[in-house]
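Novice: Here are the chains, one letter per residue:
Number of protein chains: 2
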Amino acid sequence: MANLNLMRELAIDGTSKILLLVMDGVGGLPLTPDGPTELEAARTPNLDALAARSICGMSTPVAPGITPGSGPGHLSLFGYDPLEYEVGRGVLEALGIGFDLQPDDIAARGNFCSLDGQGLITDRRAGRIPTEVGARLCEKLRKIELPGVETFVEPVKEYRFVLVLRGDGLYDGLTETDPQQTGKPPLPVEPLRPEAAPTAKLLNQWLAEARKVLADEHPANGCNLRGIAKDPGLPQIPDVYKLRCGAIATYPMYRGVAKLAGMEVLPTGETIEDEVETLKQHWADYDFFFFHIKKTDSRGEDGDFDGKVSVIEHVDGALPDILALGPDVVIVTGDHSTPAALKSHSWHELPVLLWAKYVRPDGVTQFGERPCMAGGLGHIHHADLLPLAMGYAGRLAKFGA
Amino acid sequence: MANLNLMRELAIDGTSKILLLVMDGVGGLPLTPDGPTELEAARTPNLDALAARSICGMSTPVAPGITPGSGPGHLSLFGYDPLEYEVGRGVLEALGIGFDLQPDDIAARGNFCSLDGQGLITDRRAGRIPTEVGARLCEKLRKIELPGVETFVEPVKEYRFVLVLRGDGLYDGLTETDPQQTGKPPLPVEPLRPEAAPTAKLLNQWLAEARKVLADEHPANGCNLRGIAKDPGLPQIPDVYKLRCGAIATYPMYRGVAKLAGMEVLPTGETIEDEVETLKQHWADYDFFFFHIKKTDSRGEDGDFDGKVSVIEHVDGALPDILALGPDVVIVTGDHSTPAALKSHSWHELPVLLWAKYVRPDGVTQFGERPCMAGGLGHIHHADLLPLAMGYAGRLAKFGA
Chain A
1 MANLNLMREL AIDGTSKILL LVMDGVGGLP LTPDGPTELE AARTPNLDAL AARSICGMST
61 PVAPGITPGS GPGHLSLFGY DPLEYEVGRG VLEALGIGFD LQPDDIAARG NFCSLDGQGL
121 ITDRRAGRIP TEVGARLCEK LRKIELPGVE TFVEPVKEYR FVLVLRGDGL YDGLTETDPQ
181 QTGKPPLPVE PLRPEAAPTA KLLNQWLAEA RKVLADEHPA NGCNLRGIAK DPGLPQIPDV
241 YKLRCGAIAT YPMYRGVAKL AGMEVLPTGE TIEDEVETLK QHWADYDFFF FHIKKTDSRG
301 EDGDFDGKVS VIEHVDGALP DILALGPDVV IVTGDHSTPA ALKSHSWHEL PVLLWAKYVR
361 PDGVTQFGER PCMAGGLGHI HHADLLPLAM GYAGRLAKFG A
Chain B
1 MANLNLMREL AIDGTSKILL LVMDGVGGLP LTPDGPTELE AARTPNLDAL AARSICGMST
61 PVAPGITPGS GPGHLSLFGY DPLEYEVGRG VLEALGIGFD LQPDDIAARG NFCSLDGQGL
121 ITDRRAGRIP TEVGARLCEK LRKIELPGVE TFVEPVKEYR FVLVLRGDGL YDGLTETDPQ
181 QTGKPPLPVE PLRPEAAPTA KLLNQWLAEA RKVLADEHPA NGCNLRGIAK DPGLPQIPDV
241 YKLRCGAIAT YPMYRGVAKL AGMEVLPTGE TIEDEVETLK QHWADYDFFF FHIKKTDSRG
301 EDGDFDGKVS VIEHVDGALP DILALGPDVV IVTGDHSTPA ALKSHSWHEL PVLLWAKYVR
361 PDGVTQFGER PCMAGGLGHI HHADLLPLAM GYAGRLAKFG A
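If you're matching them up, the sequences are chains A and B in order. Residue 351 in this note's numbering is what sits at position 351 of the first sequence, and the numbering runs on without skipping anything. Residue 371 in this note's numbering is what sits at position 371 of the second sequence, and the numbering runs on without skipping anything.
Rather than coming from a laboratory, the hints here were simulated on the basis of the structure. Mixed in with the good hints, there may be bad ones.
Intra- or inter-copy, both count: the list cannot distinguish identical chains.
To be verified - Using 20 Å as the maximum straight-line C-alpha spacing, the simulated EDC-like pairs for lysine to aspartate or glutamate come out as follows:
id : residue 1 : residue 2
1  : K357      : D34
2  : K398      : E301
3  : K357      : E301
4  : K280      : D239
5  : K17       : E145
6  : K140      : E209
7  : K398      : E86
8  : K140      : E301
9  : K242      : D48
10 : K140      : D328
11 : K280      : E264
12 : K259      : D48
13 : K398      : D178
14 : K398      : D81
15 : K143      : D285
16 : K398      : E176
17 : K398      : E84
18 : K201      : E190
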C-alpha cells in the first residue's frame with residue numbers, strides 16, 4: 001500500500017508526464033460462462049496495441065470482496081489507502097452536485113422522510129417524492145436561519161438533499177439522525193467529541209425548525225441527516241508527489257474528489273472529445289492528468305452490456321489523440337467494476353495496463369479481464385499504481401544508499 | 001488481510017450459503033520433478049469440472065516460508081490473521097482430545113519427563129513412554145487437589161497430557177516450565193502480568209504435588225507444563241459476518257477450533273459419507289458450512305502418496321452430492337500442505353478454487369497445484385478467502401458512497 005511518507009521523501013521534480021485514464025466501472029463480467037466481458041467484447045484495436053506494449057495485471061480497489069463506492073475507488077487510484085482515508089458521505093454528496101465546499105464547511109446528506117402523528121418515521125424516503133418536489137422543499141428549508149453560521153440547502157435527486165453549514169468553530173464527529181428503520185423517531189445529532197457539541201446544537205436547532213417548515217408537506221414532512229462531515233484534509237498530491245495535477249471529468253463527484261486530493265479541476269465539456277480537447281489545451285501545464293470517463297459506469301448500472309461496449313469503443317477511438325500528446329507513463333483502468341450483469345458496482349478486480357518506455361512487455365496483447373489475469377503486474381492494489389507510475393516516470397529517488 | 005472491523009461494518013444478512021470444503025493438508029509435492037502432486041495424480045472429474053467454472057489460485061496460510069500447525073491454518077481460513085490471533089498450545093491440545101473447555105478454563109499441555117537424583121531433566125519426553133503408561137500416570141495425577149479450583153488431567157498420547165484448571169480468578173499470561181534442554185531442572189511457572197500471580201502459585205503447587213506423586217515412576221518421574229492458556233476469546237464469526245455457521249468435522253481438534261470461532265459443531269460420523277449426510281440434514285439451518293476432511297493430512301503425514309490420492313478421489317466422488325444442495329459460494333482448499341514426500345506439514349501454498357455465479361472464469365480446467373498457479377485469483381492469503389466469499393455471496397454492503 002502506498003506509503004505517503006516514503007513518497008514525500010523520495011519524490012523528485014521532473015518534466016515527465018503521467019496520464020491516469022479511468023474508465024469508471026470498466027471491470028465487467030461475461031453474460032454467459034464462455035462469453036466475453038464488456039471490455040473483451042469491445043473492438044479496441046488501440047487499447048489492445050497499447051496493452052501489447054504495456055505491462056498488465058489485475059488491481060484491487062479496496063480489499064478482496066469489498067465493493068467500493070466512487071469515493072474510495074478514486075481515493076485508492078490517487079494513492080490513498082481507502083481504509084485509512086475516508087471521505088464522509090455528506091462531503092461526497094456535496095461534491096457530487098458541484099457544490100463549492102470550503103475546507104471548514106460541515107456537509108450532511110439529507111433525506112426527506114414521512115412522519116406519523118407521533119413523529120415516528122413511516123417511510124425513510126418520503127415515498128421517493130419527485131425531484132421537483134424535493135427542490136421546492138429545499139427552497140423552503142433555505143429560509144431557516146442559524147445564529148452565527150451560514151446555511152446552504154441544495155436538492156440532489158428525489159428525496160435527497162445536501163445541507164451545508166459554514167462559519168467559525170464548526171466540527172465534525174457527529175452522529176446521524178436516521179434510525180435506519182421505520183416506527184422510530186429521527187434521532188438527535190450527538191457529538192462524538194466535546195468540541196463538536198456546539199455544532200450538534202446548531203444542527204438540532206436546524207432540524208427542529210425544519211420540522212416546523214415541513215409540517216404540512218406529507219409525505220415529506222420530516223427529514224434525516226446522514227454522513228455529517230468535513231473535507232477530510234487529505235495529504236495533497238502536489239505536496240506528496242511533487243506533481244502538478246490536472247483533473248478532467250464531466251461529472252461533479254469526480255471533479256470534487258480530485259479537488260480534495262489537491263488537483264486542479266480543468267473546465268471541460270460533456271463529451272469524450274471535449275475532454276480530449278481540454279487535455280490538449282492544458283498538456284503543457286501539468287505533470288499528472290486524471291482523465292475520467294463516466295459513461296462506462298452509467299451503462300453498467302443500467303445493465304446495458306452493449307451500451308457499455310460502445311462507450312469503451314468510443315474511448316478506444318479517442319486513444320490515438322491522447323497518446324499523440326506524448327505522455328511518459330499511461331495507466332488505464334477503472335475505479336471499480338460495474339458489470340452490466342449486476343447493474344451495480346461490484347467487488348471484482350479491475351484490469352489495468354501500465355505503459356511507459358521501460359516496461360517489460362508480458363505477452364498480453366488484448367486489454368481485457370482474462371488476458372490481464374495473466375499479465376506481468378500480477379495482482380496489484382489501486383493505491384500502488386501511482387507510486388509505480390512515479391517510478392516509471394523517473395520521479396522517485398533511490399531509497400537508501 | 002481480512003479486516004474484521006470492516007467486515008462487521010459491511011456484513012449484511014442474506015439467504016445465500018457459503019461452503020468451505022477443507023481437505024486437510026491437501027497441498028502436495030511431486031515425487032519426481034516431472035511427476036504429479038497427489039492432487040494432480042488423483043482422478044478428480046468433479047473437482048476439475050468445478051475448477052473449470054471457478055476462479056482458481058494459490059493461497060498462503062500464514063506467511064511465505066511458514067509451516068502452519070492446524071490451529072493457525074484453520075484460524076486463517078476462518079478469516080483471522082493467524083499472527084494476530086493465536087490460540088495457546090494448551091487450548092489446542094485440550095480441543096484436540098475433545099475436552100469441553102470452558103471460556104475461563106486454564107489449559108496446559110503437559111509432558112512427562114525423566115529427572116535425575118538432582119532433579120535435572122535427563123529426557124524431556126520420558127523415553128516416549130507408551131500411551132497406556134501415560135494414561136495410568138494421569139489417573140494418579142487426578143488425585144491432586146488445589147484450593148478453590150477444579151482440576152482435570154487427561155492423557156493425550158505417549159508422554160503428553162492436558163492439565164485444565166477451572167474456577168474463578170484464573171488468568172493466563174504465564175511462562176512455561178520446560179527449559180528446552182536436558183541437564184536443567186524444570187522451571188517454575190512465572191506470571192507475566194500481576195493478575196496471573198495467583199494462577200502461577202496454584203500451578204506451582206500442582207507441580208510440587210505431581211513431583212511427589214510421580215517420584216517412583218522413572219522414566220516418567222517428572223513433568224513440564226507448556227502453552228498455558230485460555231480460550232483466546234476470538235471475535236465470533238456470527239457477530240462479525242452475520243453468518244450462522246455449522247461445522248462438520250470428524251476429529252475433535254477441528255471441531256474445537258470451529259467452536260472457538262463461534263461455529264456450531266454438528267454431530268457427525270466417521271466417514272465422508274456421514275459428513276455429507278450431516279450436511280444434508282442441516283442444510284437449511286446455516287449460512288456457512290465448514291466441511292473438514294481429515295484423512296488427506298493423515299496419509300500425507302504417513303508419507304503415503306497413493307493413500308492421499310485415494311482420499312482425494314473419495315472426496316471427489318462425494319462432491320456431486322454436496323453441490324446438489326445448491327450452495328451459492330464454494331471454496332475448496334486445505335489448511336496447509338502436507339506433502340507425502342515430506343511426511344509432515346509444509347510451508348507450500350495451497351491450491352484454491354472459488355465457485356460462485358459471478359466469477360470470471362480463468363481458463364483453469366484442472367484442480368491441481370500447477371494449474372492453479374495460473375489461476376485468476378493469483379496468490380491470495382487464506383484470511384482473505386472468507387471476505388471474498390462474502391462478496392460473492394452478496395453479503396457485503398458497498399464501502400463508502
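Novice: Now look at each hint and say whether the structure bears it out.
Specialist: We went through each hint and held it up to the structure:
Proximity of K357 to D34 under the C-alpha cut-off of 20 Å is restricted to the inter-copy arrangement: shortest distance 13 Å between copies versus 35 Å within a copy. Proximity of K398 and E301 under a CA criterion of 20 Å is satisfied inter-copy only: 14 Å between copies versus 44 Å inside one chain copy. Taking the shortest alpha-carbon separations for K357 and E301, only the inter-copy value of 19 Å comes in at or below 20 Å, while the best intra-copy value is 36 Å. Proximity of K280 and D239 under a CA criterion of 20 Å is satisfied in neither setting, with 25 Å inside one chain copy and 53 Å between copies.
Taking the shortest Cα distances, K17 and E145 never come within 20 Å of each other, neither inside one copy (48 Å) nor across copies (52 Å). Taking identical chains as interchangeable, the C-alpha atoms of K140 and E209 lie at most 20 Å apart only when both belong to the same chain, with a minimum of 11 Å there against 79 Å between chains. Proximity of K398 to E86 under the C-alpha cut-off of 20 Å is restricted to the inter-copy arrangement: shortest distance 14 Å between copies versus 30 Å within a copy. Proximity of K140 and E301 under a CA criterion of 20 Å is satisfied in neither setting, with 33 Å inside one chain copy and 71 Å between copies.
Proximity of K242 and D48 under a CA criterion of 20 Å is satisfied in neither setting, with 31 Å inside one chain copy and 43 Å between copies. With identical chains, the CA atoms of K140 and D328 are never at most 20 Å apart, being 52 Å at best within one copy and 49 Å at best between copies. In the homo-oligomer, the alpha carbons of K280 and E264 lie at most 20 Å apart inside one protomer (15 Å), although the nearest pairing across protomers, at 60 Å, exceeds that limit. Taking the shortest Cα distances, K259 and D48 never come within 20 Å of each other, neither inside one copy (32 Å) nor across copies (50 Å).
In this assembly of identical chains, the alpha carbons of K398 and D178 lie at most 20 Å apart only when taken from different copies (18 Å versus 51 Å within one copy). Proximity of K398 and D81 under a CA criterion of 20 Å is satisfied inter-copy only: 16 Å between copies versus 23 Å inside one chain copy. In this homomeric assembly, K143 and D285 never come within 20 Å of each other (Cα to Cα): the closest approach is 43 Å inside a single copy and 55 Å across copies. Taking the shortest Cα distances, K398 and E176 sit within 20 Å of each other only across copies (18 Å), while inside one copy they are farther apart (47 Å).
When the C-alpha separation of K398 and E84 is checked against a cutoff of 20 Å, the pair qualifies only between copies, where the shortest distance is 16 Å, while the shortest distance within a copy is 26 Å. Proximity of K201 to E190 under the C-alpha cut-off of 20 Å is restricted to the intra-copy arrangement: shortest distance 8 Å within a copy versus 49 Å between copies.
Consistency note: the structure conflicts with the earlier hints numbered 4, 5, 8, 9, 10, 12 and 15.
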